[in-house]
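Student: Residue strings, one per chain:
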Amino acid sequence: MIRTATRYRLLLLFVLPALAVYVLFSVYPLVSSVVLSLFSSKAGAEGFVGLGNYVHLFTDRYTSERFWNALLNNVEFFGIHLVVELPIGLLMAALLTSGSLRRARGVYRTLLFIPATLSVVIVGFLWRLIINPLWGFVKFPLLGDAHTALPTISLMSVWEYVGIPMIFLYTALIAVPNDVLEAARIDGARAWSLFWRIKFPLIAPQFALIVILTYIWTFNGFDIVYALNGSAPGPNYSTDILGTLFYRTFFGSSGQVADLDLGATIASVIFLIILITTAAYFAVLQRRIRSYQL
Amino acid sequence: MRSTTAPLALAVALAVAGAALAGCSSTGTGSGEKTTTITFGNWRTEDAKLWEKDVIPAFEKAHPGIVVKYQATDTNDYNATIQSQVESGTGPDVMMCRPFDVNRSWIQKGYFSDLKGLKGIDGFSDTALAAWTGSDGDPYCVPIASVLAGFYYNKAIFQELGLQVPKTMDDFTAVLKKIKSSGKYTPLALGSADGWQLSYNVLDSIGPNYWNGEDGRLGLIDGSKKLTDPEFVDAVQAVADLKPYLPDGYSSLKYEDMMQLFTLGKAAILPDGSWDITAATQTGLDVGVFAPPVVKSGDQRYLQEMPDQGVGLNAKSKHAAAAKVFLQWLTTTDFQSVYVNKVPGFFSMGQASVSYDNKLAQAFADLKKGAKLTPRLQLDRLSAGTPPLDDDTWAALQTVLNDGVSAEDATTKLQTDLDSWYNPAS
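Just so you know, the sequences run in chain order V and Y.
All residue numbers for the first sequence refer to numbering that gives the first Met the number 0, where the first residue is 0 and numbers rise by one.
All residue numbers for the second sequence refer to numbering that gives the first Met the number 0, where the first residue is 0 and numbers rise by one.
Excised from the complex, chain V in its bound form (with noise of 0.2 Å):
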């Protein structure tokens, strides 16, 4: 039996090389962005600002409008994948285990899987051709209007992704153990009961991790509007969320010069955002979900 404090040194040297990494590619510049926002590198006014530019961020006329059109535009963003994406995903991942689907069921997996590991970029553009009003399907500007442009774009995201949460359900619906399906089908159980009354209620912490994954990838979320939109993505803004704005704001875009400092502050925020509701999250719900032993 080793001793308690060589266990523990072993153990420290066997996380260290991870530790290391991690610190290195994302503890770091996570800390030094969180620094260069607290400075200002203007001419004439270098060096410690405190929460300068924080306050600039939140108060500027100009900047302030910028950030919260992007804020809520991102909102809508993560609100189209919680109600399109989650609830078809878990449909799929239902219908795949339901039985019924019998030899098919790897074809199905495999196919419905596909768009998300297409790039961003062939998805856009794909569907930017079917929707053109003048090569494409609909001619409806969907993409040109300012009321319908984000959530096309969404739910454009939505079709790619919602291979990711299907697969994902998916891996938990199977591991619920068939013995105790059977004995709630003896008691009488028909397949909506089984499947709202048994099925998921032992997966719903999966269930509730995917929505907050769901969460943090919308609220990073970047590629697909940028691929379609460019970095001032409209029309006048419509489609802008917190990835494009930092992005626009740190390294420039064709008339605005880059600021580093806002750039910074708007990604510590975005950090700040998502690292609250995320803890929240945990804390409030993910506690009261049960999970069952089997």
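Source of the hints: derived by calculation from the structure; they are not laboratory data.
Accuracy of the hints is not assured; some may be wrong.
Stated by the list, open to error - Listed below are several chain V residues computed to face chain Y (Cβ distance under 10 Å; list not exhaustive):
hint: 1; residue: Pro132
hint: 2; residue: Lys138
hint: 3; residue: Phe139
hint: 4; residue: Pro140
hint: 5; residue: Pro234
hint: 6; residue: Arg247
As the list claims (entries may be wrong) - Using 30 Å as the maximum straight-line C-alpha spacing, the simulated DSS-like pairs for lysine-lysine come out as follows:
hint: 7; chain 1: Y; residue 1: Lys154; chain 2: V; residue 2: Lys41
hint: 8; chain 1: Y; residue 1: Lys177; chain 2: Y; residue 2: Lys367
hint: 9; chain 1: Y; residue 1: Lys242; chain 2: Y; residue 2: Lys224
hint: 10; chain 1: Y; residue 1: Lys183; chain 2: V; residue 2: Lys138
hint: 11; chain 1: Y; residue 1: Lys166; chain 2: Y; residue 2: Lys154
hint: 12; chain 1: Y; residue 1: Lys177; chain 2: V; residue 2: Lys138
hint: 13; chain 1: Y; residue 1: Lys412; chain 2: Y; residue 2: Lys48
hint: 14; chain 1: Y; residue 1: Lys33; chain 2: Y; residue 2: Lys317
hint: 15; chain 1: Y; residue 1: Lys368; chain 2: Y; residue 2: Lys115
hint: 16; chain 1: Y; residue 1: Lys265; chain 2: Y; residue 2: Lys176
hint: 17; chain 1: Y; residue 1: Lys118; chain 2: Y; residue 2: Lys317
hint: 18; chain 1: Y; residue 1: Lys242; chain 2: V; residue 2: Lys138
hint: 19; chain 1: Y; residue 1: Lys33; chain 2: Y; residue 2: Lys68
hint: 20; chain 1: Y; residue 1: Lys154; chain 2: Y; residue 2: Lys341
hint: 21; chain 1: Y; residue 1: Lys176; chain 2: V; residue 2: Lys41
hint: 22; chain 1: V; residue 1: Lys138; chain 2: Y; residue 2: Lys253
hint: 23; chain 1: Y; residue 1: Lys358; chain 2: Y; residue 2: Lys179
hint: 24; chain 1: V; residue 1: Lys41; chain 2: Y; residue 2: Lys315
hint: 25; chain 1: Y; residue 1: Lys179; chain 2: V; residue 2: Lys138
hint: 26; chain 1: Y; residue 1: Lys33; chain 2: Y; residue 2: Lys368
hint: 27; chain 1: V; residue 1: Lys138; chain 2: Y; residue 2: Lys265
hint: 28; chain 1: V; residue 1: Lys138; chain 2: Y; residue 2: Lys176
hint: 29; chain 1: Y; residue 1: Lys317; chain 2: Y; residue 2: Lys52
hint: 30; chain 1: Y; residue 1: Lys412; chain 2: V; residue 2: Lys41
hint: 31; chain 1: Y; residue 1: Lys48; chain 2: Y; residue 2: Lys315
hint: 32; chain 1: Y; residue 1: Lys108; chain 2: V; residue 2: Lys41
hint: 33; chain 1: Y; residue 1: Lys242; chain 2: Y; residue 2: Lys183
Unchecked claim - Derived Cβ-Cβ restraints for the label pairs, each shown as a range:
hint: 34; chain 1: Y; residue 1: Thr331; chain 2: V; residue 2: Val30; range: 49 to 57 Å
hint: 35; chain 1: Y; residue 1: Leu263; chain 2: V; residue 2: Asp222; range: 29 to 37 Å
hint: 36; chain 1: V; residue 1: Ile121; chain 2: Y; residue 2: Thr332; range: 40 to 48 Å
hint: 37; chain 1: V; residue 1: Thr58; chain 2: Y; residue 2: Asp228; range: 27 to 35 Å
hint: 38; chain 1: Y; residue 1: Gly64; chain 2: V; residue 2: Trp216; range: 58 to 66 Å
Keep in mind that this is a model prediction, so the values were computed, not measured.
Backbone N, C-alpha and C fix where the C-beta goes; we use that ideal spot for every residue, glycine too.
Following the hints, complete the assembly by docking chain Y onto the known chain V.
Tutor: Just chain Y now, kept in the frame of chain V:
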């Protein structure tokens, strides 16, 4: 926080790679003969072959003893790369200058040597030099190339419908009406999904005829004019008036869609920049180009000439003498005629006339005759703060065309946004 990790890591990698590249390139070691190697930093990765095969050999032949190394960085990374290189003392000897505000900040930081007195630099007009002039009024970069904007038109369609190239805005509207009533073609290949396109190729193209080119542009800069003045409101209104002649669903049509619409022969007129000469003629159409029409017959005509590339001398260069010889050569027609003929769509900024082998490029160059030249309205000084007038104009023009916002409301918003940070006195 994936979004911050990746860019930072990338920036670090770039800086290291860039510094390493620059460090080893500026050492001229000629065995026996004494040669000086100068490096030429720029963002034209796509022109590397042309410079290395045609342009630089021509220079080296005329100036033995000087070797020029072409050192291109992708255009999106160029500004960051140059900044980190010059500040760490490893910058190229000569480097390309961005027009206006970016370059002005570089001059201010002392990146460049003053080029006052360089032989040949006085062969350029003040407007050509304006994009690269310091606050002291001295030139800091040799202007190499500019781009123009105008209206491409399909000659076959014009012939079929018996149309003449419009000279005034009334003619223009009449032409557009006629094409529309023929029912066979879309009058204008123009979509509003790409805001920059509305701004650079439409407003900044027809607008100067309303705001009298430099009068209006410099007036905005020195504060004597406002965007709410009638000449600017009318210009935005002129853009709004094009609405009936745009293709169906124009609000979601992008730049590529417009180009396809035109090159497939489905649209008669394409407002675009000269850099698309090759793209616009790729399907073998017979294409002509006409200048933005004047408001009333007899008015002075204005044409957008946007400075695109200049070359300046690194203040810390160890080979300043050789670098100056190279810069001097860039001011000559020897260089200009080679360069602009290899990249159709880019134009010499010198006053000596240069002939162009490409027919359409020559037609574009001919538009300069009798016209007063002016760069894009938004890019000089007016976009150096937040919100930049540039991006702001893109969005404003989209609201005018897509949501029916009036020209008065749009220009009022632009002026209010500009007033929130821009101080004409400075």
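Student: The structure should be examined with respect to each hint, and the outcome stated for every one.
Tutor: Going down the list of hints, with the structure as the test:
A least Cβ separation of about 2 Å between Pro132 (chain V) and chain Y falls short of the 10 Å threshold, and the interface hint therefore holds. Proximity of Lys138 (chain V) to chain Y holds as hinted, the smallest CB-CB distance being about 6 Å (cut-off 10 Å). Because the smallest distance between the Cβ of Phe139 (chain V) and any Cβ of chain Y comes to about 7 Å, under 10 Å, the interface hint for this residue holds. The criterion of a C-beta within 10 Å of any C-beta in chain Y is met by Pro140 (chain V), whose closest approach is roughly 4 Å, and the hint holds.
Checking Pro234 (chain V) against chain Y by beta carbon gives a least distance of about 5 Å; that is within 10 Å, so the hint holds. For Arg247 (chain V), the interface hint holds, since its Cβ comes within 10 Å of a Cβ in chain Y; the closest pair sits about 8 Å apart. This hinted pair does not check out: Lys154 (chain Y) and Lys41 (chain V) have alpha carbons roughly 52 Å apart, beyond 30 Å. Restraint check: the Cα-Cα separation between Lys177 (chain Y) and Lys367 (chain Y) comes to about 28 Å, which is no more than 30 Å; the hinted pair holds.
Restraint check for Lys242 (chain Y) and Lys224 (chain Y): the C-alpha separation of about 27 Å stays at or below 30 Å, so the hint holds. At most 30 Å may separate the alpha-carbon atoms for a hinted pair to count; Lys183 (chain Y) and Lys138 (chain V) meet this at roughly 18 Å. Simply put, Lys166 (chain Y) and Lys154 (chain Y) have alpha-carbon atoms about 16 Å apart, close enough for the 30 Å limit, and the pair holds. Of the pairs offered as hints, the one joining Lys177 (chain Y) and Lys138 (chain V) holds, with about 24 Å between alpha carbons and a cut-off of 30 Å not exceeded.
Proximity of Lys412 (chain Y) to Lys48 (chain Y) is assessed by CA-CA distance (about 46 Å); at most 30 Å being required, the pair is judged violated. Proposed proximity of Lys33 (chain Y) and Lys317 (chain Y) is supported: the alpha carbons are some 15 Å apart, at most 30 Å. For the hint linking Lys368 (chain Y) to Lys115 (chain Y), the alpha-carbon distance of about 28 Å falls within 30 Å, and the restraint holds. Proximity of Lys265 (chain Y) to Lys176 (chain Y) is assessed by CA-CA distance (about 16 Å); at most 30 Å being required, the pair is judged to hold.
Our distance criterion of 30 Å between C-alpha atoms is met by Lys118 (chain Y) and Lys317 (chain Y), whose separation comes to about 20 Å. Restraint check for Lys242 (chain Y) and Lys138 (chain V): satisfied, since their Cα atoms lie roughly 17 Å apart, inside the 30 Å limit. In summary, the hint linking Lys33 (chain Y) to Lys68 (chain Y) is supported, as the alpha carbons are separated by about 16 Å, within the 30 Å threshold. With a C-alpha separation of about 25 Å, the suggested pairing of Lys154 (chain Y) with Lys341 (chain Y) holds against the 30 Å cut-off.
Taking the CA atoms of Lys176 (chain Y) and Lys41 (chain V), the gap is near 52 Å; set against the 30 Å cutoff, the hint is violated. This hinted pair checks out: Lys138 (chain V) and Lys253 (chain Y) have alpha carbons roughly 15 Å apart, not beyond 30 Å. Proximity of Lys358 (chain Y) to Lys179 (chain Y) is assessed by CA-CA distance (about 29 Å); at most 30 Å being required, the pair is judged to hold. Distance check on the hinted pair: Lys41 (chain V) and Lys315 (chain Y) sit about 24 Å apart at the alpha-carbon level, within 30 Å; holds.
Only pairs whose Cα atoms come within 30 Å are accepted, and Lys179 (chain Y) paired with Lys138 (chain V) is accepted, the gap being roughly 19 Å. With a C-alpha separation of about 46 Å, the suggested pair Lys33 (chain Y) and Lys368 (chain Y) falls outside the 30 Å cut-off, and the hint is violated. Distance hint between Lys138 (chain V) and Lys265 (chain Y) is fulfilled; the C-alpha atoms sit about 17 Å from each other, no more than 30 Å. A C-alpha spacing of about 23 Å is found between Lys138 (chain V) and Lys176 (chain Y), which places the hinted pair at or below 30 Å, so the restraint holds.
A threshold of 30 Å between alpha carbons decides the hint, and for Lys317 (chain Y) with Lys52 (chain Y) the separation of about 26 Å falls inside it, so the pair holds. Simply put, Lys412 (chain Y) and Lys41 (chain V) have alpha-carbon atoms about 27 Å apart, close enough for the 30 Å limit, and the pair holds. Our distance criterion of 30 Å between C-alpha atoms is met by Lys48 (chain Y) and Lys315 (chain Y), whose separation comes to about 28 Å. For the hint linking Lys108 (chain Y) to Lys41 (chain V), the alpha-carbon distance of about 12 Å falls within 30 Å, and the restraint holds.
The suggested pairing of Lys242 (chain Y) with Lys183 (chain Y) holds, with an alpha-carbon distance near 18 Å, which does not exceed 30 Å. A hinted range of 49 to 57 Å for the beta carbons of Thr331 (chain Y) and Val30 (chain V) is consistent with their spacing of about 54 Å. With their beta carbons about 30 Å apart, Leu263 (chain Y) and Asp222 (chain V) fall inside the hinted range of 29 to 37 Å. With their beta carbons about 47 Å apart, Ile121 (chain V) and Thr332 (chain Y) fall inside the hinted range of 40 to 48 Å.
Judged by the Cβ atoms, the range 27 to 35 Å given for Thr58 (chain V) and Asp228 (chain Y) holds: they are separated by roughly 31 Å. Between Gly64 (chain Y) and Trp216 (chain V), the C-beta spacing of about 59 Å keeps the proposed range 58 to 66 Å intact.
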